[in-house]
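Engineer: Listed below are the residues making up each chain.
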Amino acid sequence: MSYGMLFNWARPSIYIPTLIGGPTFQLLFFAALGSYATNRSPAYFAIGNAVQVSALAGVFGMTMAIANERWFGTLPAILATPANRVALFAGRFMPFVLNGLLVSLYAFALGVVFLGVRLAPGSLAVAGLALLVTVFSCTAIGALQGAVSLRLRDGLFGANLVTMGILLFCGVNIPLRELPGWMQVIGNLLPFTHGLEAVRQAADGAGFDRVGGLIGIEALVGVAYAVGAFVLFSYLERSARANATLDVR
Amino acid sequence: MSAARTLRLVWFVTWFNVRMLLASEFFILTTFISPLIFATLAFFLFKSGGGAAGQTLLYVALGAGMMGVWSTTLFGCGGAIAWQRWEGTLELLVNAPSRYDYILVGQTFGAVVLGFYGIVATLAWGVLLFGMPIQATYPLILPLSLVAAIVSLGSLGMLIATTFVLYRHANALGNLLEYPIWLIAGLLVPVATLPLWVRPLSWLLAPTWGMEAIRGAATGESPPAFAIVMCFVLAVAYYLLARVTLVFVLAKARRDATLSLQ
Chain A
47 MSYGMLFNWA RPSIYIPTLI GGPTFQLLFF AALGSYATNR SPAYFAIGNA VQVSALAGVF
107 GMTMAIANER WFGTLPAILA TPANRVALFA GRFMPFVLNG LLVSLYAFAL GVVFLGVRLA
167 PGSLAVAGLA LLVTVFSCTA IGALQGAVSL RLRDGLFGAN LVTMGILLFC GVNIPLRELP
227 GWMQVIGNLL PFTHGLEAVR QAADGAGFDR VGGLIGIEAL VGVAYAVGAF VLFSYLERSA
287 RANATLDVR
Chain B
36 MSAARTLRLV WFVTWFNVRM LLASEFFILT TFISPLIFAT LAFFLFKSGG GAAGQTLLYV
96 ALGAGMMGVW STTLFGCGGA IAWQRWEGTL ELLVNAPSRY DYILVGQTFG AVVLGFYGIV
156 ATLAWGVLLF GMPIQATYPL ILPLSLVAAI VSLGSLGMLI ATTFVLYRHA NALGNLLEYP
216 IWLIAGLLVP VATLPLWVRP LSWLLAPTWG MEAIRGAATG ESPPAFAIVM CFVLAVAYYL
276 LARVTLVFVL AKARRDATLS LQ
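Quick note, the sequences are listed as chains A and B, same order. Per my numbering, the very first residue in the first sequence carries number 47; after that it's consecutive. Per my numbering, the very first residue in the second sequence carries number 36; after that it's consecutive.
Watch out, some of these pointers could steer you wrong.
Stated by the list, open to error - Examples of chain B residues toward chain A, derived with CB under 8 Å: (1) Val53; (2) Leu57; (3) Phe61; (4) Ile72; (5) Ala87; (6) Leu218.
Stated by the list, open to error - Examples of chain A residues toward chain B, derived with CB under 7 Å: (7) Ile60; (8) Phe75; (9) Asp200; (10) Asn206; (11) Leu214.
What the hints assert, rightly or not - Covered by chain B, per the in silico footprint, the following chain A stretches (three or more residues, Cβ under 8 Å): (12) 64-70; (13) 217-231.
Keep in mind that the hints were calculated from the coordinates and are not lab data. By construction, the Cβ of each residue, glycine as well, lies at the ideal position given by its N, Cα and C atoms.
In isolation and in its complexed conformation, chain B is listed as follows (with noise of 0.2 Å):
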């Protein structure tokens, strides 16, 4: 498969997730209006502190953002096999000829990228609501940041989409990891105010370096270089790991003949 054809899968499957998802009540609440309700408390929370914290209103608006990528990434890609399950579609997209993680790809980059849309609603609220003024230190470095993190991310959910289906409640995983990441990645409580030992947990995490990246292209007093290595380091690893994850599950859902059980 040619790497111009591969990418137009990629694409498509991309932009057909992207509206799949956007007819689901779930992940218009998850993407559109939970990033508002947890900006809105976090605002609220900082301000009740009396900027106790030190930090800035767009410290607040952006980790409340990816604060909704995550949720939407994890919920998106954690039950994405499963759903080719109960729709029928598994088998049919096991044995065609495309290979079958490159649509996988395609479909946790849809979860991701209509994640972060809640940077922006998060960021618009900020601005509306709260007068918070928009600012980007480093504007250059600002949309590789972005694709940095959307990268990692996406190659993070595909891990999560290949593991998470070995797990019959896909669901009841996702309701169990919202918050921990929330915290462990430093989304609005720095890692640093972390017990040392959470601290390694969060070096793994792509949340954790998305967000360094996009926060020190915005507001950083140096460019955010490293983070932005680490997660396409991250990216590669999270997509080496989902590949091996995922020739294993289909090995086994083949030998067992279990790849149409839900």
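Okay, chain A solo, but in the shape it has when bound (with noise of 0.2 Å):
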């Protein structure tokens, strides 16, 4: 219901340029600039941002799902409700981890057709994982950019800020380990870093024994921002009521 009621792209005229042929032309446009600046294959780039599309609909998503509780007026009624708060907190990501996986897979076929992307079958399902839990950990930050935007004018200039940071820090295009330190320091402690590398080495064809420890650290990430989402929202919601500030915009 929330997915149906607060998020903004879910009509075709929206979904479709903004969740499919966005995502195409990124792949291509990074596909196109990553090889001619580096010399690397189309391959490497379409890997990497076949993941971070799925930021589209998890950060955007989840953002909107949390944020336009506020904008749309129905806060108030949410909070008023006894329901269980983890309950309708966590009832939201589901929808959203669905959509960036349909999103993300769309992306990978995408660059298996034309750019040259290639799976190991012997690894699909290991970066399948790798895959659904880096779309979790990404909804996880999603939720906690939606939390702050319940502060915020604009909760969407956060949810662009994260997206682009993801671009930058976390090994989407760059290798991590070309990046200064303290990007490295920043990239390690954003979502998609070790689940993107886990993805990756899956495709080469590692096992599950050799990025297990990475995809375990990806859902340490997602649920450390779930729970710092939570904990956000919560204190908001606490201090909201205290302040009688629910429905100010």
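From these two lone chains plus the hints, build me the complex, please.
Structural biologist: Rendered as structure tokens:
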């Protein structure tokens, strides 16, 4: 219900240009730019961006799913109910994780057909698991951004910053080891970095024994962001009740 | 309406729109922050290639800056008429004694002029963080190149404003058209490296010639006269097309009584 009501892009006239067309051209742009600038295979950039485009659904979607409650005027009604807050909060994740996966899988298909992406058949399940965990952790940072947005004038400002940050810091186009030390630290604290590395290695044929650790770290990062988002949401709820600012925009 | 009054109107609307856009967090991001992030990404990518592409940092900075100009033009102009509808000012502006297309020219130039900050920002970013040398092979031609690029992008912005209004979700079209124009206009990847069938599309785009005019004046081996002329030719073509579209759109909206409908 939150997906249908609160996700502004959940209609074909927005969904198709934004979540199908946008990722298509993002993949083509970075594959062309990356291979021109570095002489690396376009497939390297296609894999990075195929995983990253799930942020469009995960980060923007979750931000809207939480912050729009305030903008649509439904937040006081939601918070007035005795419903379990964890269930209320966690229930929003599932559609956005599935949506992120869908966008990512489409981008992978595009990479396979046009940009020379090859996935080792024996490691497809491991790559799929790594992708699922990465999309979850990206949705979790979207939830945190959504909670932050309850206090901001424009929640999508932060969502845009997060997705651009992921492009820059998480090894999507530039290998992490080639970034300055402080950027690597930020990259390691963000979702995507470990999950994307796991997807890359699994695509090359690495099994769970080799990438399990990376997937585990990615899952931990995701859970940490989800817990942080819930704590912030609960704090803002209490603070808004205390200061009578639930409906203040 | 005299030429002086027209210029004053366009100038006033341009300045007004710059101030309006500066109040929007989205445009702060698109104009001030996003070009720096993409410039950093591009700097690291070209650095990672160890000069494989044979391009200078200035080439990268100008390209990344123009990416910001295109984003601001696309989003700032794409929703121009739709915003006037939402704010309830479209009917007033259309029925005002001043010609509506002049108001739209000012509005689109406001977005483009603001977008050109992106080029200044990426140049400063490149100098401060990456030690990029600033140079211009033809410093006297550079201002003319910038004017040509602004005029052609402004006219393209007007065409975007008048056509996007036919689509209910103009911002979604903006999301769709950001990356492809970055690519086919040769902002960071030369047009010559793209497939042959893409090149005629590049030639129809103002960012292609605007970029070539600016790069030609900054780093070119000969003055970018052809690119500058193409900017002005395209500007006239875009303006005429936008005028025709605008007349059609407004006539349709008046006939269907949908001028104020969202």
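Engineer: Each hint needs a verdict: does it hold in this structure or not?
Structural biologist: Hints and how they fare:
1. Annotation: Val53 (chain B) was flagged as interfacial toward chain A, and the flag is violated, the nearest CB pair being 19 Å apart, outside 8 Å.
2. At its closest, the beta carbon of Leu57 (chain B) sits 14 Å from a beta carbon of chain A; the interface hint therefore is violated under the 8 Å criterion.
3. Given hint, Phe61 (chain B) at the interface with chain A, holds; its Cβ is 6 Å from that chain's nearest Cβ, closer than 8 Å.
4. Proximity of Ile72 (chain B) to chain A holds as hinted, the smallest CB-CB distance being about 5 Å (cut-off 8 Å).
5. The beta carbon of Ala87 (chain B) is positioned within 8 Å of a beta carbon in chain A (closest approach about 5 Å), and the interface hint is therefore held.
6. At a threshold of 8 Å, the smallest CB-CB gap from Leu218 (chain B) to chain A is about 5 Å, leaving the interface hint in force.
7. The beta carbon of Ile60 (chain A) is positioned within 7 Å of a beta carbon in chain B (closest approach about 4 Å), and the interface hint is therefore held.
8. The interface hint given for Phe75 (chain A) is met, as the beta carbon of that residue sits about 4 Å from the closest beta carbon of chain B, less than 7 Å.
9. For the restraint placing Asp200 (chain A) at the interface with chain B, the shortest Cβ-Cβ distance is roughly 4 Å, inside the 7 Å limit, so the hint holds.
10. With a least beta-carbon distance of about 5 Å to chain B, the hint placing Asn206 (chain A) at the interface is held under the 7 Å criterion.
11. A distance limit of 7 Å between C-beta atoms decides the matter here; for Leu214 (chain A) the minimum to chain B is near 5 Å, and the interface restraint holds.
12. With 3 residues having a beta carbon nearer than 8 Å to a beta carbon of chain B, the segment 64-70 of chain A meets the requirement of three or more and the stated coverage holds.
13. With 5 residues having a Cβ less than 8 Å from any Cβ of chain B, the segment 217-231 of chain A passes the three-residue criterion, so the hint holds.
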